[in-house]
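Following the hints, complete the assembly by docking chain B onto the known chain A.
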Amino acid sequence: MEEKNFKFIVDEREVPIMKFNGEIVFENSNELKETAKEKIRETEYQNLIMDFEDVSFIDSSGIGFILSLFKFLREREGGLVIANANEKIKKSFNITKISQIINIFDSVDEAYNNLK
Amino acid sequence: MYYNILLIFVSVIIFGYYLLKRENEKLKNTIIEKEENIEDLKKDIEGKLKKAQDVHRKMLPDGLNEPQNFFISDYYKPAEYIGGDYYNLFKIDHEAMDPLFNQYLFYFFDVSGHGIDSTLLSIFINDSIENYFKLRHNPGEMVSTKDLMTYIDQKYQNEQFPDDYLLCMFIGVIDLDKSQLEYSARGFQFPFFELDSHNNINDYSIGGLPISTAIGSMKNFNKEEKLELEKNTSLFFSTDGLFESENENIIYHKKIDKLLKKYSFLPAPYLNDIIQKDFYDFMGDKDNRDDITYLIMDYFDGDVEEGNIFKQNFELDFINDIKENLTTFIKSNEKISSKNNINFKFIDDSSKIMLAIEDKSRKVKWDEFIKKYEFQNEIVFMEEIANKDITKNFFEEAKIYISKNKLGNKVYFLLFKNKSEV
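Sequences listed follow chains A and B, in order.
If you use the working numbering, the first sequence corresponds to residues 1 to 116, in order.
If you use the working numbering, the second sequence corresponds to residues 1 to 422, in order.
Here chain A stands alone, though its shape is the one from the complex (with noise of 0.2 Å):
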């Protein structure tokens, strides 16, 4: 699961990284969901960088997924952003004014320094 649907990628800069490929949608979100959980849980972070590079399509079930871990975060005392999205997610991302809770930036290295 791990190694199929996100990397997760810890470098001296000290913030996660999820890295996910392919969809996120309605058939893998809540496994994703679960995975992901599992493994913020293992850790002491709280603050976690969403890497949507290799992301094609993200529907409804996958914009609940990231609700779901942006709340998990906020309860950690922490921040969730989001990188590298495509400008077909971004545009689910506005309709759904995420981009307003939610921070999205063009690279993992921009969404690095507003976490610092």
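No lab work stands behind these hints, which were simulated from the structure alone.
Predicted model, so just to flag it, every value in this text is computed and none were measured.
Positions of the beta carbon are idealized from the N, C-alpha and C atoms, including for glycine.
Some hints here could point you the wrong way.
[What the hints assert, rightly or not] Covered stretches of chain B (chain A as the covering partner; in silico rule of three or more C-beta atoms under 8 Å from a C-beta of chain A):
{"hint": "1", "segment": "109-119"}
{"hint": "2", "segment": "165-173"}
{"hint": "3", "segment": "184-192"}
{"hint": "4", "segment": "209-218"}
[Stated by the list, open to error] Mimicking DMTMM-like on lysine to aspartate or glutamate, the simulated pairs with C-alpha atoms at most 20 Å apart in a straight line are:
{"hint": "5", "chain 1": "A", "residue 1": "97", "chain 2": "B", "residue 2": "224"}
{"hint": "6", "chain 1": "A", "residue 1": "88", "chain 2": "B", "residue 2": "248"}
{"hint": "7", "chain 1": "A", "residue 1": "91", "chain 2": "B", "residue 2": "203"}
Structure of chain B alone, referenced to chain A:
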């Protein structure tokens, strides 16, 4: 000695082979037994889902309460047996003050996912709307879509539903006295379209933060928008399922505005038939991944008549023909005990005449009736267009175009006055 060792070795091999074979048979039988169990369980689940599907279908509105100058046509197909999309339209009840108001509530929503859980959530949303009108709305009060959205959001938050569920919702109030649509929307929504008879198409962006326990109540995000309704226009609403359907890397949203423009001259039931055909041609063998829900509303400018078809006198021969044939058909059909449930709606505008006949008792088998109708050769049945090529002249070829609603209890007859305008 070597002979004895060889004999023992061969015996061990034969015995081992026998044991393995016996174990293999046992395993094979176990697998067959398990497969049969799985098959039985599958059948059991399918049977239960079919029952759930029947219940779910009954939950969906049988027919929408059309305002007088409107024709409304809807389509719903769940991705699985049941789904999380829902829509409804009804006249707002102002009790004794009803004559002073001409308002209709129209809403559709999409609960994320498309299984039993989504259906249960959709029941909750409908109950919340019903409760709003029972507990919060007083007759004579204007309905605010923003307040209703806030009420639903609060009810949803109070139930503490799991945080990965989302509710995307559109609520509109059609006020016919003001010729206005007031609306509020939350969540993932594609724009809705407004089409006029001159092939112009406008889109209206809607959407906003979805209703979700992950973000909590968002009262300040609920906003109201207004759209002036003009006669001779149509509105097209859809949840994301239709627009996001994809084949060969093209999403259907990219195609639909062209189709709507091309067929903007068609009344809602006929445009619905064309969209269904186009969508299934587009999808080919692929199944829809999400529930498909859309609704088309025509706001007509023309003379509208409605009532019981047998209590009305008509000037047009073709309607009198239908009426006469219907009388004979009903007389010959013992199952139809009363003519009281057979109502019509007739619209005559500058370019077309359309007659809708609805049998509320659902006893009239319209297919049988139409087969007996004497103008057979000049009729086109829209339900037969699935495998046909719709050419430019398709709507110039026949005299009468016949369509039906999804329940099959309402039949439409359409005639174009000046075919060169089509």
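Going down the list of hints, with the structure as the test:
1. Coverage of the segment 109-119 of chain B by chain A holds [criterion: at least 3 residues with CB-CB distance below 8 Å; count 4].
2. Evaluation of the coverage hint for the segment 165-173 of chain B: fulfilled, as 3 residues show C-beta separations to chain A shorter than 8 Å, against a requirement of three.
3. Counting residues of the segment 184-192 of chain B whose CB lies closer than 8 Å to any CB of chain A gives 4, which reaches the minimum of 3, so the coverage claim holds.
4. Remark: the segment 209-218 of chain B is confirmed as covered by chain A, as 6 of its residues place a Cβ nearer than 8 Å to a Cβ of that chain, reaching the required three.
5. Taken as a hint, the residue 97 of chain A and residue 224 of chain B pair is honoured in the structure, with Cα atoms around 16 Å apart against an allowance of 20 Å.
6. This hinted pair checks out: residue 88 of chain A and residue 248 of chain B have alpha carbons roughly 16 Å apart, not beyond 20 Å.
7. Taking the CA atoms of residue 91 of chain A and residue 203 of chain B, the gap is near 16 Å; set against the 20 Å cutoff, the hint holds.
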